[in-house]
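Listed in order, the protein sequences are those of chains H and R. Here the working numbering is used: the first residue of the first sequence is 1, the next is one more, and so on. Here the working numbering is used: the first residue of the second sequence is 1, the next is one more, and so on.
No wet-lab data here; the hints were simulated from the structure. Hints should not be assumed to be uniformly reliable.
[Claimed, not checked] Below, computed lysine-lysine pairings styled on BS3-like, alpha-carbon distance capped at 27 angstroms:
id : chain 1 : residue 1 : chain 2 : residue 2
1  : H       : Lys36     : R       : Lys322
2  : R       : Lys167    : H       : Lys2
3  : H       : Lys60     : R       : Lys304
4  : H       : Lys60     : H       : Lys36
5  : R       : Lys51     : H       : Lys2
6  : R       : Lys214    : R       : Lys276
7  : H       : Lys104    : R       : Lys322
8  : H       : Lys2      : R       : Lys259
9  : R       : Lys167    : H       : Lys24
10 : R       : Lys167    : R       : Lys341
11 : R       : Lys322    : R       : Lys304
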Amino acid sequence: MKPYFVIILLVLCVVVATILHATKLQQTDEISSFAKGIAPLQPYLHPNATTIGFKGEPSKSELLSWARFIAAPSYISPEPADTTLVIQYRSNSDPDMLNYMTSKLILKQVSDTQYTYSIVTRPNAK
Amino acid sequence: MQSSKYILSIGAAIGGISTLYFLSLIAHLPFIISAALIGISIYPFIRWFGKQLLGTNERIGNFAVGILIAGAVILTNKVYYIATIYGPWDAWAIWNLNAKYLISSEHWQNMFMNTKFTHPDYPLALPSTIAFFSRLAGGQFNLLIPFAFHFLITLSIPILIFTETYKRSIIVAGTALLLMATNEFYLLQGMHQMADTLLSFFLLCAMVSMQQHKDDPRMLVMSAAFLGCCMWTKNEGVILTIIFCIFHYKEFFGKYRAKYSFAGFALPVVVWAIFKFGYATDNDMVAAQGQETLELLKDTARYKLIYDSFITNLNEHFNGLKWCVLVYLLLCIILRRTPDKRILMILCCMLTYLLVYVVSPNNLEWHLFTSLSRLMHQLMPVTMYTLAMMLAGDSKTTSGFQARFVSIRQRLP
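Make a model of the complete structure from these sequences and hints.
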């Protein structure tokens, strides 16, 4: 065999492995269901928008990192800001989260089975 | 070997694409122009590196092809069961996140605002390559691109070791290939979508190129370029590059040789410097050093914790390699020979990695738990390669006991 057989073998294996792996992408895991849940808020998370703040359930530290991963190249600040992405448990949300939401104007809110996703701002900001 | 040069070319292509794409982002070049520039730069590289030397017409025998196919099929099959969609935390929260930023020519610098929970100081060889191919595939981040890329690297490493050793000993080459193709820890780390395996690939390429530099001066350029790519892949790459250069000082910086080395280092090191000094935030480990460092160095409990964690990882994930290296070192002592320079270099890299933990500002237990196995994984391919080369019969220092491992074919007239 000629030496370029090595490259042919590599390419073939990459193609086969990628096709096989593509079948796995249909499976849902925490990040993919989070991405689906937050999808309706994407227009508010546009990179040209002002700094987006973040407030999430204190017991679920992954939420900020998930939101950043899904929203990139937008920047999501770890602290609340004028416009804030709030992610709460749909039921049994932390009392601090509920208090925070009572003083905010909700621009958009969606829910899935596990979380409620909201874009909020100051009440007099509209 | 000509077949090895094809795999080295993959490494060179990754280094070239990632550096040139990052430069094109800085220069605000439209993607079509940066893609064209990268495409055009491949041509002179192929002309330069693709030129065969006299007497290097290689043909891979049918038996070797059979083993190669078997190894590749086993690895592909195992990866299907091992690979996950997003990989562990660092994969999506750091590496793929940075790749998503770098896809955007307008907003890629938002990446450096993420100072909490991410590492904007990490070099960009991996995210930059994934970003380039994502844009080439339509501009959207697609999870199949990092998967395909990491699979390519994970498969290229054992194949490179195989192509480097099969002419010397098909038994050693085949064993090394099959051991790696069935090693679940290696495959798991490879498919974790982090930069450790890419770093280990560049280090292996640097070592393979260095092995051949006497026959072909272009390999000195390549070796230096691959070390530059190590720096451009992970912060640990700087440590590896410094140690590699110390151990190969004469080869890199000897008379008439330095020009080749500097030519190789130039592009990746310049791009790394632009990134580090122009864009990246301070490294948390470096920034935290100060008066407390001396206290950390004096704390003997830290050494004990690091040693225990090292031994646990060694026994858990690298038991076979551990015994091979120990037996080799023991034989060197009995035969009163100096151990192979490459083994000493790998041990020196490991020791330096362990010493860095001593001054870690993070919780040491957590730090060791989350990263030591990955650091050891970075050195695994070069250790496997060095052992395979020695057993297959390349080292003068091991001639006393290498004969029994040299293939029958090699000993025939």
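inquiry  = Of the numbered hints stated earlier in the document, which are not met by this structure?
reply    = 1, 3, 6, 7, 8, 9
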